[in-house]
Amino acid sequence: ARPSSLLLGAAAQLGIFFTFVGAKILGFTNKEAASIGIIGGADGPTAIFVTTRLAPHLLGSIAVAAYCYMALVPVIQPPIMKVLTTEKERQIVMESPRKVSKTEKILFP
Numbered sequence: 001a002r003p004s005s006l007l008l009g010a011a012a013q014l015g016i017f018f019t020f021v022g023a024k025i026l027g028f029t030n031k032e033a034a035s036i037g038i039i040g041g042a043d044g045p046t047a048i049f050v051t052t053r054l055a056p057h058l059l060g061s062i063a064v065a066a067y068c069y070m071a072l073v074p075v076i077q078p079p080i081m082k083v084l085t086t087e088k089e090r091q092i093v094m095e096s097p098r099k100v101s102k103t104e105k106i107l108f109p
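Position one of the sequence shown corresponds to residue 1 (my numbering), numbered consecutively onward.
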């Protein structure tokens, strides 16, 4: 158990919260701030869905921002992983406990 791994799990929730607060400080309404804040969770489809319900006039801007943010994850994530994990942890090779049958793959994709 590594308490620092809590940061990885909490990142999306904190991102949503801080982005929402930042949008409120900049003068957006609650619904607009919620639409902007959901981008902080790094989930493009969810950001688009929430925006269509709460602030459809921001859909274009939020869609572009959300997908640009998601596209940067491969650039942003490696340095964060190096800080929060040890070299030994990064070298762990995980093996499948058993071979999964074709039927199982079809029934449980």
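I should point out that these hints are in silico values taken from the structure, not numbers from a laboratory. You may find that some hints are simply not true.
[Stated by the list, open to error] The calculated label-pair distances, taken between Cβ atoms and stated as ranges, are: (1) R98 with H57: 28 to 38 Å; (2) S61 with K88: 35 to 45 Å; (3) I106 with V73: 44 to 54 Å; (4) F17 with L72: 19 to 29 Å.
Using N, Cα and C, we set each Cβ at its ideal position, and we do this for glycine too.
Fill in: Broken hints, by number
1 and 3
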